[in-house]
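Participant: Given next are the chains, with one letter for each unit.
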Amino acid sequence: MRDARAPVRGGWVLLSLLVVVVVVPMVWGFSLAFRSNEEIARIGGLSLHTFIPVRPTLDNFTRFFTAVSFGRVLTITVFVCLSVTVASLFINSLAAFAFARMKFAGRNLLFAVVVATMILPIEILIVPLYRVVKDVGLMNSLASLVVPFAASGFGIFFMRQFFSGVPRELDEAARIDGCGAARFFFRILLPLARTPLVTLGLIVFLQQWDSFLVPVTFISRTENMVLQVAINNLYAHIYVNDVALLAAGMVIGALPVIVVFLFTQRYYIAGITTTGIKG
Amino acid sequence: MSSSRRLEGPRIQPYLFVAPALLVIGVFVVWPLAELFYLSLCRANILGRTRFTGLDNFLAVFTSLDFANSVRATVIFMVVVVIAQSTLALVVALLVESETKAMGALRTLYFLPVVIPFVVASFLWKFIYDPDVGLINSVLQALHLPRAGFLADPSQALGSLIAACIWKAWAFFTMIFLSGLKEIPRELYECAAIEGASSAQRVRYVTLPLLRRVLLFVIVVTTMDSVARVFTPVFVMTQGGPRGVTDLLVYYDWRTAFRVGDIGFASAVAVFMFVFVLLINLVQLRIGRERDA
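Chains as they are written, first to last, in the working numbering: chain A, 1 to 279; chain B, 1001 to 1293.
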């Protein structure tokens, strides 16, 4: 027993150190949002006020809200995230159901292609995707952020895993009752899939909230800017070196996902550990 | 027999079910992939004029000093992140697992960097590294140590970028390891303990061999991530600088296409990345299959 304890006690040092390394930068960074730029310029050395504002202010938030026309940016961001989430849950489930429970010529080949697309990171495809989006006339529109992501190999694979696990007897019972495939899917299977749908929905939503490469490449019009791009542009082009203002943007960009995470941890972590896909 | 047990409906029905998904994936994944290969063989600019030039772009890519520099930075980034991050994630998973009560609270805290948007995390670290107002320099100053340039210093920028990226992602892989550890039967540890194995020996001879599959998965995902999922931090923190030391492939590819406008050259770079990603996945398949046999 003594053997087993020693490394664990040493372990607590590392685990506590990691708490400090994880939490301290965030506390410090978010504290910038509640300080004036004058105060930030005078930071230096190490004291309690390295982390707690001397004169706390909400001024940066009011400035941020007007600087980015926040109402509009937030509406657009939420609209894009929700659209992708709803569309992809529906379209992916539909395909996953057919792949899991129906028999048709070419099924295995099509499914193999769908699964193979999972290894393709968007970063590698961004150049030709830009051209395709331009060719179909979606450039600079919100649809360019939604339509290309309304289905994904991962989403189909994830839902198919669940649908394949539902007992076959259900199909049989439905067939005897004269229930067609469509009704069976919408009335019986989808309600059963609430947990995987919530998990997948959460993954997709948070992925979209985090999305940066695609909107920064496809959207140059200010009217259609999403939050992450607005945060970047504010600092990179408009209020250069206004650290306090940007810090307010950081808090606003991070807070919703932190709240969502705290309330849905169980689904979120279950999703990660079963799929290995980052939110 | 199996066909009689299938759901009934018109023959065309399955195709209607998969059509929307296949349409989206076809137009926005498969077609772009084909176009990527085509563009890599063309002289093409962002305005849309393309002319077939065969392997010229690849010749240009492989003789480009900027490309060589980018590959070098990417390889360093990849090797350091794979080794350091996987080790950290594994060690923490082993420690947390043995203290399950505290795990809930720790997990929540450790996970915050994974959850916050990458743009936010990147700006956060940009400020932490700031030569004037940054947190680390404040600490160094308080300890009467010389200030450091971090992202502004060519000899420190890549290391600083790596540290920030590990800070963001390590806990994710700890979760993966933890789920792998849960699969290992308790009895094996008890047996080992009865046989008089120390806890270090138990980790070495019970845990690690049974965790090999998860370890492989983590290494493959980390390798892929460190090649592909690093656009945002580079874009926000360094824009590839100073002096190109953080010009990782994804960012190099993107700026060649959208800042310089040379889509043909950028596509050749992307094809290079694609081949790499494909090889990594084939290796995983291969090793995974060997294990199954």
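These aren't lab readings, by the way, just hints derived from the structure by calculation. Heads up, a few of these hints could be off.
Unchecked claim - Label pairs and their computed distance ranges (CB to CB): (1) B/T1050 x A/A116: 21 to 31 Å; (2) B/L1282 x A/Q161: 32 to 42 Å; (3) A/V20 x B/Y1205: 27 to 37 Å; (4) A/F90 x B/Q1141: 47 to 57 Å; (5) A/Q161 x B/R1204: 25 to 35 Å; (6) B/P1131 x A/R107: 25 to 35 Å; (7) B/I1083 x A/R42: 37 to 47 Å; (8) A/V136 x B/E1183: 42 to 52 Å; (9) A/F90 x B/L1210: 52 to 62 Å; (10) A/L262 x B/L1210: 29 to 39 Å; (11) B/I1083 x A/R107: 52 to 62 Å; (12) B/T1053 x A/F90: 55 to 65 Å; (13) B/Q1239 x A/E169: 50 to 60 Å.
Said to hold, decoys possible - Capping the alpha-carbon separation at 20 Å, the derived lysine to aspartate or glutamate pairs in DMTMM-like fashion look like this: (14) A/K103 x A/E172; (15) A/K134 x B/E1187; (16) A/K134 x B/D1130.
The structure displayed is predicted, hence computed values, not measured ones. Glycine included, each C-beta is placed from N, C-alpha and C at the ideal position.
Participant: For each hint, tell me whether it holds in the structure or not.
Facilitator: So, going through the hints one by one against the coordinates:
no.	hint	verdict
1	B/T1050 x A/A116: 21 to 31 Å	27 Å, holds
2	B/L1282 x A/Q161: 32 to 42 Å	23 Å, violated
3	A/V20 x B/Y1205: 27 to 37 Å	33 Å, holds
4	A/F90 x B/Q1141: 47 to 57 Å	55 Å, holds
5	A/Q161 x B/R1204: 25 to 35 Å	34 Å, holds
6	B/P1131 x A/R107: 25 to 35 Å	59 Å, violated
7	B/I1083 x A/R42: 37 to 47 Å	40 Å, holds
8	A/V136 x B/E1183: 42 to 52 Å	45 Å, holds
9	A/F90 x B/L1210: 52 to 62 Å	40 Å, violated
10	A/L262 x B/L1210: 29 to 39 Å	33 Å, holds
11	B/I1083 x A/R107: 52 to 62 Å	42 Å, violated
12	B/T1053 x A/F90: 55 to 65 Å	43 Å, violated
13	B/Q1239 x A/E169: 50 to 60 Å	59 Å, holds
14	A/K103 x A/E172	15 Å, holds
15	A/K134 x B/E1187	59 Å, violated
16	A/K134 x B/D1130	38 Å, violated
Checked against the numbered hints given earlier, the structure breaks hints 2, 6, 9, 11, 12, 15, 16 and satisfies all the rest.
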